[in-house]
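Spelled out from the first residue to the last, the chains are:
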Amino acid sequence: MSCHGSTESGVGVLEGTVEVALLGSPNTGKSSLFNRLTGLSAATGNYPGVTVTRSRGTARTPSGSVTVTDLPGTYSLEPASPDEEVVLDHLEGRLESDAAPDALLVVLDSTTLFRSLGLCAEALALGHPTAVVLTMVDELRARGGDVDVTALSRALGVPVVETVAHRGRGIEDVRELLDAAASWPVALIPPPCDDDAQLRGWIRSVLDSARYRVPGSSVATSRIDRVLLHPVWGSLVFLAVMFGFFQVIFTVAAPIQDAVQGVFDHWGELAATNLGSGFFADFVGTALIGGVGGVLVFLPQIMLLYLMISVLEAVGYMSRAAFLMDRIMARSGLDGRAFVAMLSSTACAVPGIMATRTMPSSRDRIATIMSAPLMTCSARLPVYLVLIALLVPDDARLGPFSMQGAALFAMYLLGGLASLTVARVFKATLLRRGALPFYLEMPPYRLPTLRGILRAVWVPVWMFVRKVGTIILVVTAVLWVLINFPAREAETARMDEAAAQSYVMENSFAGAAGKAVEPVFEPLGFDWRVDIGLIGSFAAREVFVSTMGQVAAAEDPEDPGDALRQLTHTHGPHQGAQVFTAPTIVALMLFFAFAMQCVSTLATMRRETNSWKWPALAVAYMFVLAYGTAWLGHWITGLVIS
Amino acid sequence: MKRSKRESSAPSCATLCDVKPGEDACITLVEGALDPVVRRRLGALGFREGEQVTCLRRAPMGSPILFRVCGAEVCLRKEQARSVRVAEQTPEPVAAAS
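Chains as they are written, first to last, in the numbering used here: chain A, 1 to 642; chain B, 1 to 98.
None of these hints come from the bench; they were simulated from the model. Since we're looking at a predicted model, the values are computed, not measured. All C-beta atoms in this analysis are idealised placements derived from N, C-alpha and C, irrespective of residue type, glycine included. Just so you know, not all the hints are guaranteed correct.
Quick list of simulated restraints, FRET-style, between CB atoms [to be verified]:
(1) R357/A with E88/B: 54 to 62 Å
(2) A87/B with A240/A: 35 to 43 Å
(3) I328/A with E23/B: 25 to 33 Å
Pulled from the structure, derived: some chain A residues nowhere near chain B, Cβ distances all over 10 Å [unchecked claim]:
(4) S65
(5) L113
(6) R169
(7) I453
(8) H574
Beyond 12 Å from chain A on every Cβ pair, some chain B residues (computed) [unchecked claim]:
(9) A14
(10) D18
(11) C70
(12) A87
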């Protein structure tokens, strides 16, 4: 394909391919259409310098291919927010990184044409070659509406095709249309966009000549909503859905996670038996297999999380949840939509942060990204389990409940409250200006498609494995080197294995680092060995548990509880005293609740906010919060027990 | 204070916030004192003068409120709903079906 006769700046990224921009309001099925057209070739990223996501991909056409850019959903080309400004800048070729599109494909929800033709009019007025795709025509007709596509095309002066994008109907017509993208007509008489009354007159005359009939409300949707949005029943169903959600994440995922853990343990043993007992065997067993296993163990949980979120989203329940939760989320300065991100963050902050992509305002998006890592993620869980077991006796009870369970619940509550509070602070300070009104569209309930769900699960899960897996792998490998070197083979020759391990550790690079930062954490009651665990946990929190296992040279590194209980200070004023006293454990738990100890989250933050500024700020504020609360916790617990 | 004053005056001074679930209203004025950005966004969502609105339901605790406008279902918070004035009598539908 060539781009003769198109706009002057038609220098595509792929030489000679026509650049087509997809323009449409949010929730029009624009992204479904884009996914259908480009398959898995699409790459998602932010515009340089802004937190506004766009996707680019190649769409096959009968005689070649075109490059398609999925612009962020927008209601109007008169920008109401920086997010929408990007759309206009892209269309007019003002972004250095992207050439102006050669042609515009306007995606309109056929059930709301009275509203969406406004955007179409603005698009036509830009003077680019334009074509229109009508989506959800099946819904339009099912709800008693109708439109004559040929007449609409005549009235608009540009080609129009109808589709049911998420079911894949009409996609071939769109491909054929894209084939001629460079020769799409330009509207001869631009619609009157400057005057409100004239524009609405234009819309009415276009829709009259297209014999458009407005659809009624969906009977099924209003019946279901009568229950799901009912103040009492709706709230009960919501609680039940949330309960089921957590059950699946923590109970259903558990055996699968154990199985994955088992496989990696088995491989670790294989490595140990077949590779001997040298450094290489230990590296393969501990750093490579242990490191990868440590990440992949969360994979079943994350897949289930995405599965449930994408089903709830595709069905239309997420908007209902946002509707029910808005009043509570409003207290944090965010809106109901942030709820999905916060909820996902109870499994892992990485999917939580990625879930913010659907939020319309970049300020809300950043506020959510900055506060979501405070939610109690599943990597904190193993740490809490070990520490709570050290702090609270098994048989302690609070009424009918186990005291250990209550302590864990308190930690979840703390995470939730902290993240809402932090979001509020960010919204009241750094992210204050330019508030858009709150609005939320309620799509009719729809049956999800298998293809859509699989895609929604596969894309982020694969990204998690690829990006996040590599980071953790590198960090575990580095940590392994720091803990095991310099080698002390001569000194440890006559020691038994446990003694040798703790000797190597004490004199390793990590040991030196732990001792170097000891004065910093001394007020919290941590000794140098806890500090090694802390240093390791800045890569990933769950590393703390296995590092403490190595540190305490426990028999079973995955359950270091007993060995830790007996750990005593090796030097300094507290020499011989127990390290894991109640104040220290409380301080550690608070530290883990607030500190940003997750390289994957930071990498995702960097990706999603498009700058190092926000991840750096997150590390700083969370460290201050963590240190401050840990110190307070240490002091208060000390007062209480003495 | 403000609300009771509005309720006691002519029905044309009622706002979207006063429309009860199940009732129709016609938008008479989207308040000009609003931030132009907010006004434009409300307009793009279908909340424009002359448009017909149905209140569908309210969330627990009264906000947000779900409306049907221009063939779509859209929620607004109380604060925004209050800035859209309506007449509760039903005029000729704007979207005349042929």
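To see whether the hints hold, each was checked on the structure:
With their beta carbons about 40 Å apart, R357/A and E88/B fall outside the hinted range of 54 to 62 Å. Distance hint for A87/B and A240/A: a CB-CB separation of about 41 Å, consistent with the stated range 35 to 43 Å. The hinted window of 25 to 33 Å between I328/A and E23/B holds, with their beta carbons roughly 27 Å apart. Every Cβ of chain B is farther than 10 Å from the Cβ of S65/A; the closest lies at roughly 33 Å, confirming the non-interface assignment.
At roughly 8 Å, the least C-beta separation between L113/A and chain B is not larger than 10 Å, which violates its mark as non-interface. With a cut of 10 Å on Cβ distances, R169/A stays outside the contact zone with chain B, its closest approach being about 21 Å. The beta carbon of I453/A is kept farther than 10 Å from every beta carbon of chain B, the shortest such distance being approximately 24 Å. Listed as a non-interface residue, H574/A keeps its Cβ farther than 10 Å from every Cβ of chain B; the least gap is roughly 52 Å.
At the 12 Å boundary, the C-beta of A14/B stays outside the reach of chain A, the nearest C-beta of that chain being 19 Å off. Every beta carbon of chain A lies more than 12 Å from that of D18/B, the smallest distance being close to 18 Å; the non-interface claim holds. In this structure C70/B is not separated from chain A by more than 12 Å, as the shortest Cβ-Cβ distance comes to only about 4 Å. No beta-carbon of chain A is positioned within 12 Å of the beta-carbon of A87/B; the least distance is around 18 Å.
Against the hints set out earlier in the document, violations occur for numbers 1, 5 and 11.
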